[in-house]
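Asker: So you can see what is in the structure, the chains are spelled out below.
Number of protein chains: 2
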Amino acid sequence: MSWFRNLTKVSSFQLSNRPRNQNSFPFSSFTFLSHFSTDQQAHQNPPRDPIQYSGLGPTKPDEKPRVVVVGSGWAGCRLMKGLDTKIYDIVCVSPRNHMVFTPLLASTCVGTLEFRSVAEPIGRIQPAISKEPGSYFFLANCTGIDTDKHVVNCETVTDGLDSVDPWRFSISYDKLVVALGAQASTFGIHGVKEHAIFLREVHHAQEVRRKLLLNLMLSDIPGITEEEKCRLLHCVVVGGGPTGVEFSGELSDFIMRDVRQRYAHVKDYIHVTLIEANEILSSFDDRLRQYATKQLTKSGVRLVRGIVKDVEAQKILLNDGTEVPYGLLVWSTGVGPSPFVHSLELPKSPGGRIGVDEWLRVPSVEDMFAIGDCSGFIESTGKPELPALAQVAERQGKYLANLLNRIGKAGGRHANSSKDMAFGDPFVYKHLGSMATLGRYKALVDLRQSKDAKGFSFAGFISWFIWRSAYLTRVISWRNRLYVAINWATTFLFGRDISRI
Amino acid sequence: MSWFRNLTKVSSFQLSNRPRNQNSFPFSSFTFLSHFSTDQQAHQNPPRDPIQYSGLGPTKPDEKPRVVVVGSGWAGCRLMKGLDTKIYDIVCVSPRNHMVFTPLLASTCVGTLEFRSVAEPIGRIQPAISKEPGSYFFLANCTGIDTDKHVVNCETVTDGLDSVDPWRFSISYDKLVVALGAQASTFGIHGVKEHAIFLREVHHAQEVRRKLLLNLMLSDIPGITEEEKCRLLHCVVVGGGPTGVEFSGELSDFIMRDVRQRYAHVKDYIHVTLIEANEILSSFDDRLRQYATKQLTKSGVRLVRGIVKDVEAQKILLNDGTEVPYGLLVWSTGVGPSPFVHSLELPKSPGGRIGVDEWLRVPSVEDMFAIGDCSGFIESTGKPELPALAQVAERQGKYLANLLNRIGKAGGRHANSSKDMAFGDPFVYKHLGSMATLGRYKALVDLRQSKDAKGFSFAGFISWFIWRSAYLTRVISWRNRLYVAINWATTFLFGRDISRI
Numbered sequence: 001m002s003w004f005r006n007l008t009k010v011s012s013f014q015l016s017n018r019p020r021n022q023n024s025f026p027f028s029s030f031t032f033l034s035h036f037s038t039d040q041q042a043h044q045n046p047p048r049d050p051i052q053y054s055g056l057g058p059t060k061p062d063e064k065p066r067v068v069v070v071g072s073g074w075a076g077c078r079l080m081k082g083l084d085t086k087i088y089d090i091v092c093v094s095p096r097n098h099m100v101f102t103p104l105l106a107s108t109c110v111g112t113l114e115f116r117s118v119a120e121p122i123g124r125i126q127p128a129i130s131k132e133p134g135s136y137f138f139l140a141n142c143t144g145i146d147t148d149k150h151v152v153n154c155e156t157v158t159d160g161l162d163s164v165d166p167w168r169f170s171i172s173y174d175k176l177v178v179a180l181g182a183q184a185s186t187f188g189i190h191g192v193k194e195h196a197i198f199l200r201e202v203h204h205a206q207e208v209r210r211k212l213l214l215n216l217m218l219s220d221i222p223g224i225t226e227e228e229k230c231r232l233l234h235c236v237v238v239g240g241g242p243t244g245v246e247f248s249g250e251l252s253d254f255i256m257r258d259v260r261q262r263y264a265h266v267k268d269y270i271h272v273t274l275i276e277a278n279e280i281l282s283s284f285d286d287r288l289r290q291y292a293t294k295q296l297t298k299s300g301v302r303l304v305r306g307i308v309k310d311v312e313a314q315k316i317l318l319n320d321g322t323e324v325p326y327g328l329l330v331w332s333t334g335v336g337p338s339p340f341v342h343s344l345e346l347p348k349s350p351g352g353r354i355g356v357d358e359w360l361r362v363p364s365v366e367d368m369f370a371i372g373d374c375s376g377f378i379e380s381t382g383k384p385e386l387p388a389l390a391q392v393a394e395r396q397g398k399y400l401a402n403l404l405n406r407i408g409k410a411g412g413r414h415a416n417s418s419k420d421m422a423f424g425d426p427f428v429y430k431h432l433g434s435m436a437t438l439g440r441y442k443a444l445v446d447l448r449q450s451k452d453a454k455g456f457s458f459a460g461f462i463s464w465f466i467w468r469s470a471y472l473t474r475v476i477s478w479r480n481r482l483y484v485a486i487n488w489a490t491t492f493l494f495g496r497d498i499s500r501i
Numbered sequence: 001m002s003w004f005r006n007l008t009k010v011s012s013f014q015l016s017n018r019p020r021n022q023n024s025f026p027f028s029s030f031t032f033l034s035h036f037s038t039d040q041q042a043h044q045n046p047p048r049d050p051i052q053y054s055g056l057g058p059t060k061p062d063e064k065p066r067v068v069v070v071g072s073g074w075a076g077c078r079l080m081k082g083l084d085t086k087i088y089d090i091v092c093v094s095p096r097n098h099m100v101f102t103p104l105l106a107s108t109c110v111g112t113l114e115f116r117s118v119a120e121p122i123g124r125i126q127p128a129i130s131k132e133p134g135s136y137f138f139l140a141n142c143t144g145i146d147t148d149k150h151v152v153n154c155e156t157v158t159d160g161l162d163s164v165d166p167w168r169f170s171i172s173y174d175k176l177v178v179a180l181g182a183q184a185s186t187f188g189i190h191g192v193k194e195h196a197i198f199l200r201e202v203h204h205a206q207e208v209r210r211k212l213l214l215n216l217m218l219s220d221i222p223g224i225t226e227e228e229k230c231r232l233l234h235c236v237v238v239g240g241g242p243t244g245v246e247f248s249g250e251l252s253d254f255i256m257r258d259v260r261q262r263y264a265h266v267k268d269y270i271h272v273t274l275i276e277a278n279e280i281l282s283s284f285d286d287r288l289r290q291y292a293t294k295q296l297t298k299s300g301v302r303l304v305r306g307i308v309k310d311v312e313a314q315k316i317l318l319n320d321g322t323e324v325p326y327g328l329l330v331w332s333t334g335v336g337p338s339p340f341v342h343s344l345e346l347p348k349s350p351g352g353r354i355g356v357d358e359w360l361r362v363p364s365v366e367d368m369f370a371i372g373d374c375s376g377f378i379e380s381t382g383k384p385e386l387p388a389l390a391q392v393a394e395r396q397g398k399y400l401a402n403l404l405n406r407i408g409k410a411g412g413r414h415a416n417s418s419k420d421m422a423f424g425d426p427f428v429y430k431h432l433g434s435m436a437t438l439g440r441y442k443a444l445v446d447l448r449q450s451k452d453a454k455g456f457s458f459a460g461f462i463s464w465f466i467w468r469s470a471y472l473t474r475v476i477s478w479r480n481r482l483y484v485a486i487n488w489a490t491t492f493l494f495g496r497d498i499s500r501i
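Here the protein sequences line up with chains A and B, keeping their order.
Residues in the first sequence are numbered from 1 upward in steps of one, following the numbering used here.
Residues in the second sequence are numbered from 1 upward in steps of one, following the numbering used here.
Next comes chain A alone, as it looks inside the complex (with noise of 0.2 Å):
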């Protein structure tokens, strides 16, 4: 009863102010009222152990089918971007509610870009999850997946809020999209996962920003002892991959522009570092990676050969003995299978990703499919694992898309339902060629069909031109494209932000 005494309370109090406009309270008091009356238990202490909650069953024949897409990264966001929606209901699980334009990740740990502006919300890549009543979106982890009662168990992210408990439910599918994606891989190096930063998610990229501009503040206390201002100041990346490359020339860059004028007193202590086994950008020809080694070193990237053996809270241990201080450690060594892919009791590529046939189906179970970095070609294919590159998650998710639409209008919508049908032409990659930035205006655009091809490759201002403009268009909203060129030009005129937020 006591939301009577609130309301009359409310509706007194307005009247006091508004003659007019009465009518329209009641009503409201009312909704207001059914909605919080008779919540007596829902608001006691909660139990601490996961509620659980039905979560979606089975459609029915005469209902919509429903394709569940679990992750969305490159595969899966492509994949919901193409799917036709008069066919399929799309459910979208994840622990993010957007999509991570990846390649431009490196440039908003320096304030080049944004950290809003590389990520797309899943909404506005396939507006039918929040407007189709039989689509959605659930903030959760899949934590298991039965295939034979087609169902995928879920367990909702709550950032370990005390208000909140994580929920299970479960979902049943019509077709299953696994595209989990990989996790940067440690290779089992001890204190990789405690000290270094990788650089996979918006929440990476705001690390890096912050014990960033934390350690160019706190070197800057007087009385600090040059050793500990060197080692505050010494940026480490592992890994010369494009990624690691990439962060390397905007960290240069950012030094060089930004916090030389920005950071007076400390400009000559920062230094950038970048540890790599064998050559830095190995899947790019000669001509490229020797342009790239020249152009890092002189904008004062250190290039070290060397393979780390043991990484702690100041300090890395290299194979030979060495000790290399730090003060940020950036992680960039390439990917590898998730525990959960792990965990999965399905056929397994040779590298243990989720095995597919050509048509990235997951063999031996009915309407299930995975693409992107968390699949990978079943050893009878006789094809090669695709590397875990951006291009093929959009390729597959792209193919995948098509697939599923078509034989959605032959009549296989539905669970169980498109065994015998003929799946059409097989997934085919055909590799588009790389490219990796180097901060300053350059870039290197290599693109040869494989390592050994012959084929065009070139670097320099028009390649990052190029670059930029390519990716430019690939950021999916006309918001995000907006931003993007935004951003870039405020940097170029305004220089990086750099307020530690």
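It cannot be assumed that every hint is accurate.
Where chains are identical, the list cannot tell them apart; a pair therefore holds if satisfied intra-copy or between any two copies.
Below are the EDC-like pairs computed for lysine to aspartate or glutamate, each with C-alpha atoms no more than 20 Å apart in a straight line [unchecked claim]:
| hint | residue 1 | residue 2 |
| --- | --- | --- |
| 1 | K131 | D268 |
| 2 | K409 | E279 |
| 3 | K348 | E194 |
| 4 | K267 | E132 |
| 5 | K60 | D146 |
| 6 | K193 | D159 |
| 7 | K131 | D258 |
| 8 | K64 | E227 |
| 9 | K131 | D220 |
| 10 | K86 | E194 |
| 11 | K298 | E132 |
| 12 | K430 | D165 |
| 13 | K298 | E323 |
| 14 | K149 | D220 |
| 15 | K419 | E394 |
| 16 | K86 | E155 |
| 17 | K383 | D148 |
By construction, these hints were calculated from the structure, which means they are not laboratory data.
The hints should help you fit chain B onto chain A, whose structure is shown.
Answerer: This is chain B only, laid out in the frame that chain A set:
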């Protein structure tokens, strides 16, 4: 010696790739060496208790005198902007390296504005801080003031990073300006600190945004009870001052314009309730207050008059026993002196702030001034305590900058050298009027000197326009003016950003 091995490795690696540029390397290798070869002890596991660093000693008579500014809010930043850096070195001590443009903070919670658009790096407000050899910004908290020795004690802020321990250091000052601001007052109500979110810093706004989006997504989980859904989507704002009203307005605007499209499934469950013990916007005139009440209720904000007794993780208890379940609780019931201000053994104002005379000097001590929300006139001045408003702080900062420049030019720049000087005109505050936005292109502008005075006051679209332009021109840098304008434009065109990063 380990670095030698490392370096040979580096150089050989480089030579193999770039025949030219060899000469440049030996040099950089030496700097490299000098940086790291001698730091044995520095990189053992660091001690757990704070390291003491020397800091900055007293300035000599022939050196540039030092103004130490504690705090980086409206008062402190306006002061630093106005100080003549030819006369003084400026040292700023604050736990954040930027100024928060507080009047626009509420708009960032729902994505109308981006967080960075309302944060202004101090280096941009006063460039000398990052350029002049004797000027610094220290990311640190002030832990004590020794007014006799003219010394400020500080401890660095490290966000509890395991890799960095807090460091202690002290700074001698010629002039000290305390502009610490105030802290949100909870009136000792249990549970407020634990469960409510204040709206004072950027990270508060980030927290509101993350929680709001989390609740919107959680409430979408199928099978969840009606009650839980309503609780999660019930946003409660306590405090009917401008901040509370502005946030409620923005929130209902967000619900009306964005949630209805982007979260179609739950749009009918989300509600905003504004709880105020007395009347909302009590400082505004009756006509405006009634207009505000009408507008807010029209846009779906429930106005409840009540006094909060206790706050729990999922519900509020009001004095009359009413239980108000909530998913998001924002607390904006005004501010009071911080514990640090309490702890200072200095004359206090009747309201418990740092007491100052008509020239904003702290009586009974030399060369110490206090401005902004942390300061108040001592009783003997016979002047009333000024409201904790941005415009008061801004005016005081401007006044004190001119005062310090003047006595600096007159030879009173060094410590204890301005004892018997004439300080000129005292600080006089003239209220320019109050403004508050209600969301949906509506705002209030009250240009009266005081609550009871006569004067202009108007409401609606025109005042909203005035409000926006007024703030737009006050955002300090052109970069941020640009971003705020762009944010408003894109919000208008594309709606608000809902990616949860």
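Asker: What label fits K298 with E323 when the C-alpha limit is 20 Å: within, between, both, or neither?
Answerer: neither (24 Å within a copy, 66 Å between copies)
Asker: For K131 vs D268, is the C-alpha pair at or below 20 Å within one copy, between two copies, both, or neither?
Answerer: between (54 Å within a copy, 14 Å between copies)
Asker: Could you figure out if K383 and D148 sit no more than 20 Å apart (CA to CA) within one copy, between two copies, both or neither?
Answerer: Neither way: K383 and D148 sit 28 Å apart in one copy and 79 Å across, limit 20 Å.
Asker: Given a CA cutoff of 20 Å, do K267 and E132 count as a within-copy pair, a between-copy pair, both, or neither?
Answerer: Classified as between; 13 Å across copies, 54 Å inside a copy.
Asker: If the cutoff is 20 Å on CA atoms, where do K348 and E194 land: within, between, both or neither? Let me know, please.
Answerer: neither (29 Å within a copy, 47 Å between copies)
Asker: Cα distance capped at 20 Å. Does K193 pair with D159 within a copy, between copies, both, or neither?
Answerer: both (19 Å within a copy, 19 Å between copies)
Asker: Please sort K86 with E194 into within, between, both or neither, judging by C-alpha distance up to 20 Å.
Answerer: neither (47 Å within a copy, 47 Å between copies)
Asker: Go through the copies and call it for K430 and D165: within, between, both or neither, with a Cα cutoff of 20 Å.
Answerer: Classified as neither: same-chain Cα gap 46 Å, cross-chain 51 Å, threshold 20 Å.
Asker: With identical chains, the pair K131 and D258 could be close in the same copy or across copies; at 20 Å between alpha carbons, which is it: within, between, both, or neither?
Answerer: between (44 Å within a copy, 12 Å between copies)
Asker: For K149 and D220, with the copy left unspecified, which applies at a CA distance of at most 20 Å: within, between, both, or neither?
Answerer: neither (61 Å within a copy, 24 Å between copies)
Asker: Using 20 Å as the alpha-carbon threshold, which applies to K419 and E394: within, between, both, or neither?
Answerer: neither (26 Å within a copy, 72 Å between copies)
Asker: As a check of your reading, is K60 near D146 (CA-CA no more than 20 Å) within one copy, between copies, both or neither?
Answerer: within (19 Å within a copy, 77 Å between copies)
Hint check: violations occur at hints 2, 3, 8, 10, 11, 12, 13, 14, 15, 16, 17; the rest are consistent with the structure.
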